[in-house]
Structures are given as structure tokens and as C-alpha cells.
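With the sequences and hints as input, model every part of the structure.
Heads up: take any position in the sequence shown, counting from 1, add 47, and you land on the working numbering.
Just so you know, these hints were derived from the structure itself, not from any lab. Accuracy of the hints is not assured; some may be wrong.
Unchecked claim - Taking lysine-lysine and the DSBU-like style, the derived pairs with C-alpha atoms no more than 30 angstroms apart in a straight line are:
1. K74 / K89
2. K72 / K62
3. K74 / K62
4. K50 / K74
5. K74 / K84
6. K68 / K89
7. K50 / K72
8. K62 / K89
9. K50 / K68
10. K50 / K84
11. K62 / K50
This one's a predicted model, so the numbers in the text were calculated from it and none came from an experiment.
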Amino acid sequence: MAKVWDVVCGMSAEKGEWESKAEYKGKTYYFCCDGCKGAFEKSPDYHLENFAEEHPGVDPTPEG
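Below is the structure:
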């Protein structure tokens, strides 16, 4: 099973473990809770840039 990352809090899980998800620019992002999903929906680019800085080379989506 594919690993997914919550780009807001940095937690990871296997795809299917988390129910909260959002579509952005053609990709599906998964979240550990609705609070993280809500934060992402308010500022998606901020959270994606922050995640990339904290986790270089890691793609948070199972699509890659």
C-alpha cells in the first residue's frame, strides 16, 4: 500500500487509513484530521511549500 503524508502536520500513514482528503491542482492530499484539512484548504500553497522545505524530496501523495 502507498504511503501518504499530511502536509500540514507532517504525519504519515498508509493510503486508506485517513478519511480526510482534498483535491488540489489535480492531486489528492490526505489528512490525519479535519482540522489539518481545513488549514490546508485555507492556504494550500503555504502548506505545500512548508512541507517541501521540511521534507526535501518527499512527495506527499501516492500518485507521486
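*Could you tell me which of the hints above the structure violates, numbers in ascending order?*
Every hint satisfied by this model.
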